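Starting from the structure of chain A, add chains B, C and D where the hints point.
Chains as they are written, first to last, in my numbering: chain A, 1 to 340; chain B, 1 to 340; chain C, 1 to 340; chain D, 1 to 340.
Possibly wrong hints are sitting among the right ones.
[Said to hold, decoys possible] Incomplete in silico selection of chain A near chain C, CB under 8 Å:
| id | residue |
| --- | --- |
| 1 | THR36 |
| 2 | ALA78 |
| 3 | LEU176 |
| 4 | ILE217 |
| 5 | THR244 |
| 6 | PHE253 |
| 7 | ASP254 |
| 8 | PRO259 |
| 9 | VAL286 |
| 10 | ALA292 |
| 11 | ILE332 |
| 12 | ALA335 |
Hints in this document: simulated from the structure, not taken from any laboratory. Predicted model, so just to flag it, every value in this text is computed and none were measured. Quick reminder that beta carbons are idealized off the backbone N, C-alpha and C, glycines included.
Number of protein chains: 4
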Amino acid sequence: MIIILHPSVTEEQLAEIGGILESRGLGVHLSRGVETTLIGAIGALDEEKAELADQLGSLPYVDRVVPISKPYKVVARAFRPEGTTISVRGVEIGGRRLCVMAGPCTVESAQMLFETARCVRDLGANILRGGAYKPSTSPYSFHGMGEQGLRLLAEARDETGLPIITEVMDPRDVELVGGYCDILQIGTRNMTNITLLREVGAARMPVMLKRGWASTIEEWLQAAEYIASRGNHEIILCERGIRTFETYTRNTFDLNAVPAVKELSHLPLIADPAHGTGRWSLVAAVARGAVAAGADGIMVEVHPTPQTALKDGTQSLTFPSFAKMMDGLRPIAAAVSREC
Amino acid sequence: MIIILHPSVTEEQLAEIGGILESRGLGVHLSRGVETTLIGAIGALDEEKAELADQLGSLPYVDRVVPISKPYKVVARAFRPEGTTISVRGVEIGGRRLCVMAGPCTVESAQMLFETARCVRDLGANILRGGAYKPSTSPYSFHGMGEQGLRLLAEARDETGLPIITEVMDPRDVELVGGYCDILQIGTRNMTNITLLREVGAARMPVMLKRGWASTIEEWLQAAEYIASRGNHEIILCERGIRTFETYTRNTFDLNAVPAVKELSHLPLIADPAHGTGRWSLVAAVARGAVAAGADGIMVEVHPTPQTALKDGTQSLTFPSFAKMMDGLRPIAAAVSREC
Amino acid sequence: MIIILHPSVTEEQLAEIGGILESRGLGVHLSRGVETTLIGAIGALDEEKAELADQLGSLPYVDRVVPISKPYKVVARAFRPEGTTISVRGVEIGGRRLCVMAGPCTVESAQMLFETARCVRDLGANILRGGAYKPSTSPYSFHGMGEQGLRLLAEARDETGLPIITEVMDPRDVELVGGYCDILQIGTRNMTNITLLREVGAARMPVMLKRGWASTIEEWLQAAEYIASRGNHEIILCERGIRTFETYTRNTFDLNAVPAVKELSHLPLIADPAHGTGRWSLVAAVARGAVAAGADGIMVEVHPTPQTALKDGTQSLTFPSFAKMMDGLRPIAAAVSREC
Amino acid sequence: MIIILHPSVTEEQLAEIGGILESRGLGVHLSRGVETTLIGAIGALDEEKAELADQLGSLPYVDRVVPISKPYKVVARAFRPEGTTISVRGVEIGGRRLCVMAGPCTVESAQMLFETARCVRDLGANILRGGAYKPSTSPYSFHGMGEQGLRLLAEARDETGLPIITEVMDPRDVELVGGYCDILQIGTRNMTNITLLREVGAARMPVMLKRGWASTIEEWLQAAEYIASRGNHEIILCERGIRTFETYTRNTFDLNAVPAVKELSHLPLIADPAHGTGRWSLVAAVARGAVAAGADGIMVEVHPTPQTALKDGTQSLTFPSFAKMMDGLRPIAAAVSREC
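Excised from the complex, chain A in its bound form (with noise of 0.2 Å):
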């Protein structure tokens, strides 16, 4: 790390930061120039460097430290520079075919569940999603069927072949849903949950990791390396829209992270536009446009009434509307050599 100093940096106050740095074992490389007075600490422990760093910067003669080495190890792109793929019941994320995770934002029956299910299927989605538990940002919302809707998910897999992704919210609920799942997804509300990422870390099967909504593209990676660090790899991360000044939408889906993200890490990526825009009539072009950039997938919200939906019915797309999205995204798919 570099430390730069004040202008006014006395000898004494060297020899302090220097003793400071020497204690931890660091290599000093003090350099004086006419306005400026830097020095480059070397040699220190990943684990230290964040606190190491701060208590510098708390030197009031330390003008700030300006870190050098990336926060994260296990899910950085040298890690891994051929790309990860993930298998979840013989459909690969990441891989040449584009993902499609599709189905209702919440399991609300097993009819509009099944009935879902299968026009996803048909029409091309190769992975399934729904909510048995939903974080609402209102205590009187409804919150999911709980592990009733996890048994109609489980089901509806039995019947159309496709693997099943859903959100886990406690950590003392990861043995339960993952029983029943295929992927655990990790919403935006808990992307810093660190109890949930460390449980989930201890599970040995897939996770989706969204992005926190006012988070950092390094952060939402040291958040994945928390769950890597546990010893689970199975990673996928899922942009879902970042919170601006904007109004007209939801959220400001950030489509520089997808390219930012393949170059900062192997991790498969999934884009999210209806939360992204929180928009039906936005969703297919934002599909298109996340694809077009390098996402190895897309996750949509569909409803057969989303005028009657328990959750996001301003974001979900009817079946004619999904089969729309998809017919727009095949060339898109084919133009960057995706299968779809």
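Leaving out everything else, chains B, C and D in the frame of chain A:
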């Protein structure tokens, strides 16, 4: 709620939406203008409003839906217009005396904790803060001493007489942590962790809820409503800065939120200028500003030697800086008729 | 517009606000519910709506005012549902053929400009970009060659046949700059510079209006309306990224804005992935994404040797990178039925 | 500046970048670590630093470039450590006495202006504000009375003795507006309007520069440097709130910016809580907070009848509200050793 329709809405579509509303038992109030057609829907149950707005918004001939009533009740100012005072071992939060919560970011050892506790008490703090379980962006950082840290906090309370506040991150730890401390703290990363909110909502002790770094004031009040809806009304709010484009400071302390929360809610409000700025040199000024604007107290991080702090050295005050901050706060407190 | 009143509003206050509305010649539609009282005000002139909403919002018994109609007319989709195509020296913007504007950020010399112009034309660009007057965050940076740069651009057009686009920053320069170029560009820093908007609104030539880095989509359309309201309807919109909390990229390219603008307006839309990312390594992917989502074209910065560029080297493509980007764009353009 | 290279950088690439730096006459300081290789470049001229950093960042083997020195000089605290006081017709800005600028958003008529001017003077304001040229988001809104408004302001100064401040939007109007008023105001929409900054930099009278709603503190100081670099050092900064995701308030008043500007610059700072909140009910509290944190004064909008204001009624104070705000400010000013 008000439903604003597309200018081209047809009579059939009006009949359809009217039918949906009536099937829910809602009163329908149609208003056809030259340019716009509106429907006022009267009588929706609070529990159903968010879903209904979202469902109707998914209809292709609906432009947007405008909710009218506030999405929280128990924490709203109207519920207790005179305001709430919470009493913890004889210390009042929300009362006439300014509340000053101070202590190290993290409990690092018995010695540093006791030394800091005595110092902040002698300089005017009336509640001791200290982390035993610490969230971190990186999995490789220090995460606190755990239960041993809780024991030390309890000892520090015994010695100084200061009630203690500490963070709980895991819903399974609420009972354990609550057994040691006087106020449970929910950190910014967990404001949207609904599992945890529900768990502290079932506890019978005060909870301080920090604002999520990218949560609106109304979402923060809804998170408080989660706690309140489980029966726990002893809630303290804590403004700790929000995430913006500014890079000179770590967060942007949202001063507007101080009078806004007082307008919207009856709950007491604490300001956290350490996280709100991320720079020790700005902490005292922002603390003064928050108190002048009506905050019921402040929380700050104090460390004997910030350059060795295991967490958040950059924003921690030394003992002399804390003393100076308190000297600056006293006349401000007096100016707003507070004791300090 | 709808006026939502405080629950405690009195009959006298209702009479007062009714009087205000009637004195403006507006129809008043009162709706008293159990919890809320609303007034629908019918018939306000467009010119007066924003002021009136703001005036009524200042009354202590008014909770908030909800505008109903869009704050722009001439640039709204309804004004010309079939969309607008702008023709510049035989090149169509908004037509079937993808528009590719390419060239150096800044004109630095005759040689580099001509070399770049020939290269981008041969690789498929159909409009030449280049700055003669350049805004900079720092007063000590290079600010362009001025009129000499304009002359070189005109020469490059003569040689390559490519129409030229260049930025105008000073209202006093509109005539001069317009005399040389084919499209006037308003930069992101000047989207809210009303003096300049009016001046180009009086010009009789195409204007490309970049989105302000912190302007909403609707504010951007209102800025276009400024130009249109002066009689100049030849407006091209350019999405160039917005400012968010993300630090890995310089801006966040707002992909949602592409279909949103198409929904709300009839104007053609160009994407600028160079400024939208600020990193050359992400430009090609974001360009593909924008075109897949429906952009009518892209603008990119190309430089023979970015490491010597006087402006924006970080986001400039080399000739081989531009060639590669074009190769990637062609199948995407074909997938959305565009020529390229 | 420090250049951080990719781990895989080759000797040839190091030689190339070394050559680039030496050809600019810069000292090169290479530091090869196990994981990272850095180059310290010593001696770049200020005028060239931003460009050079950007050029080097475009090299494919450069990870990033970290600038070391501040991008402004004349407005930096080090330039005049004791701080700057600006005197306008006997009123000091940045001195011991708190500066209170008050008046209507827009001059609407002689009567309302004189009535307001007398009222605010009698209640303690020492500078009169009022808009003659007003920017608006919509082209159809009221844009001010123009020169007639300036004449009325000058008359109001004659009658009340209060110096006047008013906005200038067009570089061609600087002489005209400056001929009437005592302080030229640059609005938030024009902080990045370089043409206008240069023009007021050539004027020989005080300028108040509002922060752009999405400009960082350092960009704001660079905009001030534009003015200063033309020879005009009489600059007043005005914090007026930034744009964030929060929707309850129109802007987020950035309290951190108050001590941050004092740390970084010697210029006086005024707080604008009216625009910083956009809600009259929050203005007084935020004004108190800003003064407690060290602002040299405040600017507020006052109107005899906000419900008829042609601009910004929502954030305008009535005469009684202004009186109440002043009553609350006086003890705060005293607490920070200011007269008021």
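Right, here's what the structure says about each hint:
no., hint, in the structure
1, THR36, "violated (18 Å)"
2, ALA78, "violated (15 Å)"
3, LEU176, "violated (35 Å)"
4, ILE217, "holds (5 Å)"
5, THR244, "holds (5 Å)"
6, PHE253, "holds (5 Å)"
7, ASP254, "holds (6 Å)"
8, PRO259, "holds (4 Å)"
9, VAL286, "holds (6 Å)"
10, ALA292, "holds (4 Å)"
11, ILE332, "holds (5 Å)"
12, ALA335, "holds (4 Å)"
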